[in-house]
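Since chain Y is already given, all that's left is putting chain L on it; use the hints.
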Amino acid sequence: MAYKRIIPCLDVDDGRVVKGTNFVDLRDAGDPIELAARYDSEGADEIVFLDITASHEGRDTVVELARRAAEEVFVPFTIGGGIRSVDDAKAVLDAGADKVSVNSAAVAEPSLLTALSDRYGSQSIVLAIDAKRKDDGWEAVTRGGREETGKDVVAWAREGVERGAGEILLTSMGRDGTEAGYELDLIRAVSGAVPVPVIASGGAGSVEDLVEVLGEGCADAALAASIFHFGEHSIAEVKSAMAAAGIPARTT
Amino acid sequence: MTSRLAILDCGIGNLRSVEKAFERSGAEVVVTSEVAAAETADGLVLPGVGAFPAAMERVREQGVDDLIGRSIADGKPLLGICLGMQLLFERSSEGEGAEGLGLLEGSVEPISAPGLKIPHIGWERVTWEKSDPLVGDVETGDDFYFVHGYAARPRNEVDTLGRSVYGEGFCAAVSRGNIWGVQFHPEKSSATGLGLLRRFVEVCER
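In order, the protein sequences belong to chains Y and L.
Each residue of the first sequence is one higher than the one before, starting from 1 at the first, in our numbering.
Each residue of the second sequence is one higher than the one before, starting from 253 at the first, in our numbering.
Looking at chain L on its own, in the form it has when it is part of the complex:
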């Protein structure tokens, strides 16, 4: 059976590329800001670009925080992409600072890369820290496309799924139970990115 994914539209960035990439990866996709429409999905995707505090405000206004909480408790897979990954954590120091969803312990802080350009934009190698249903080549790592100025700092090392280096090392992906987050943009990372999305779709089929 084709799994049906809800891409949560919280008005934070353009979702068209994410939608098209998931369709290409074999999912039936609905892009929605309605909690009711997302409630019946097999899995949730929380994408986003922009500033953490404003995004979190939208997430709360739309009741997406409660929806995500219920879905996680029901065992549904969740994938946060870019800002969506950062929102999984307890807080961010971006702007005036803001509380996040708190699904994972830790905070989101500016990338520390003295002498390098911020935001960090470009393709980087991600090395995998553990085996996981979403992971591609554990031996060599995989290349993904990044655009970000902040990165998550998980308090529990075991939550870190992948790492990359820009100036210093940073957390590029996380996983725990049915929660996944990626700092990079799989929808812009060619066949490697589509492969990761396809594996998430497969997880949702189970």
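Only chain Y is shown next, with the shape it has when bound in the complex:
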């Protein structure tokens, strides 16, 4: 049985890693490739790069990011941000990325998921969903929460998987960058609804938060940014806490 995964996430803006609270108020956290290589050596199971500049600068910045990462990062890595077509995905995968993550482009054109998985296999296709609590459920939002989609998160996750997504990267908008803990009921609701792995994102503030979302939260992987970037906690600390809690963890 596969180990549960710890995935540092690097939000990249104009070539630098940044991290903000609720998708705004960005702090500089260094060079993405240097940081990713460090996480590789410290035991990260995968790396996610989300290029938040891509929306206005086009495909070239993410392709360059993938090319540089392939030279220095020797764990699987995912690139997201600005992937809008099969050609965009091809450029990033050819440059050395293992997976692409799509968000707003899939909301606008859900058939993109099918086109991507037909071409590259669902194992290379991650559907990122940003979830905002609404009434007694969650609504998928895009553009950092500025745009509502009218899609129920659980229904959209199911549809995305049926269309070819091999994994769901699920971010709680209310928790992102707050370090207040993952939104467990959200993560559980989606994990229970889809047959593919769910990567929990948004809210990691302590080692216990990651252990909790992988245990009680039923997530297959936990994604975190701030707690690793600013040296608050190490990946090794998380791995040993996982092992102590009886959660299968790769500790090398």
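It should be emphasised that the hints constitute simulated quantities derived from the structure, not laboratory data.
Keep in mind that the hints are not guaranteed to be accurate.
Stated by the list, open to error - To give an idea of the chain Y side of the interface with chain L (calculated C-beta under 8 Å), a few residues:
1) Gly-30
2) Asp-31
3) Ala-70
4) Val-75
5) Leu-93
6) Ala-95
7) Glu-159
Claimed, not checked - Here are the simulated lysine-lysine pairs, DSBU-like style, with alpha carbons at most 35 Å apart:
8) Lys-382/L to Lys-90/Y
9) Lys-132/Y to Lys-382/L
10) Lys-132/Y to Lys-90/Y
11) Lys-90/Y to Lys-151/Y
12) Lys-151/Y to Lys-272/L
Even glycine gets a Cβ: it sits at the ideal position worked out from N, Cα and C.
Just chain L now, kept in the frame of chain Y:
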């Protein structure tokens, strides 16, 4: 002397990560689809992802099957990675089925893992079945990253170098003489994977 490896490009999957990982492991690397360019290398690497029948067709079209045959006879080390390991065997039942290189006896069959997701994706522990120049920690085994829907079934148990478990046990690595194959992706398996590649590079230096 730095050993020079040829990564055989049969148009089956992205080879950039394999190339970069070997460079990091101390080898001089050429990625080539030209038999002539590979002929002078100290060792051969056959990577690949995708479907067995289409891959084997490309291997034959490009004359890579003959190249590999000659290199093995000359005593040059060969490492098959992922689909490249599967191609070492006699046949696969993937798609309509196809003949492989036949360097090792046995077939390639779908992973049997009732209730689990296929393809199998993720990090797993590989336990080593015998001592070998490529093997790391024989006592505890090592963790590697896998992405595959099929696995090899060697007819000769002695060819199995490493085993892993997903649903049921499967063959994760093979070795015989100067032939090695790994079902996992060492180029995506962090320091553990680079260690295995480095040991292969060292074998090629001999």
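Results of checking the hints against the structure:
1. Restraint check, Gly-30/Y versus chain L: the minimum CB separation of about 20 Å is more than 8 Å; hint violated.
2. With a cut of 8 Å, the hint placing Asp-31/Y at the interface with chain L is violated, because the nearest CB-to-CB distance is about 18 Å.
3. For Ala-70/Y, the suggested interface contact is upheld, since its CB lies about 5 Å from the closest CB of chain L, less than 8 Å.
4. The interface hint given for Val-75/Y is met, as the beta carbon of that residue sits about 5 Å from the closest beta carbon of chain L, less than 8 Å.
5. Given the 8 Å rule on beta carbons, the hint for Leu-93/Y holds: about 6 Å separates it from the nearest Cβ of chain L.
6. Of the supplied interface hints, the one on Ala-95/Y holds, with its beta-carbon coming within about 7 Å of a beta-carbon of chain L, less than 8 Å.
7. Given the 8 Å rule on beta carbons, the hint for Glu-159/Y is violated: about 18 Å separates it from the nearest Cβ of chain L.
8. The hinted pair formed by Lys-382/L and Lys-90/Y fails the criterion: a straight-line CA distance of about 40 Å is larger than 35 Å.
9. Our distance criterion of 35 Å between C-alpha atoms is broken by Lys-132/Y and Lys-382/L, whose separation comes to about 53 Å.
10. For the hint linking Lys-132/Y to Lys-90/Y, the alpha-carbon distance of about 31 Å falls within 35 Å, and the restraint holds.
11. A C-alpha spacing of about 28 Å is found between Lys-90/Y and Lys-151/Y, which places the hinted pair at or below 35 Å, so the restraint holds.
12. A hinted pair counts as satisfied when its Cα atoms are at most 35 Å apart, and Lys-151/Y with Lys-272/L does not qualify at roughly 41 Å.
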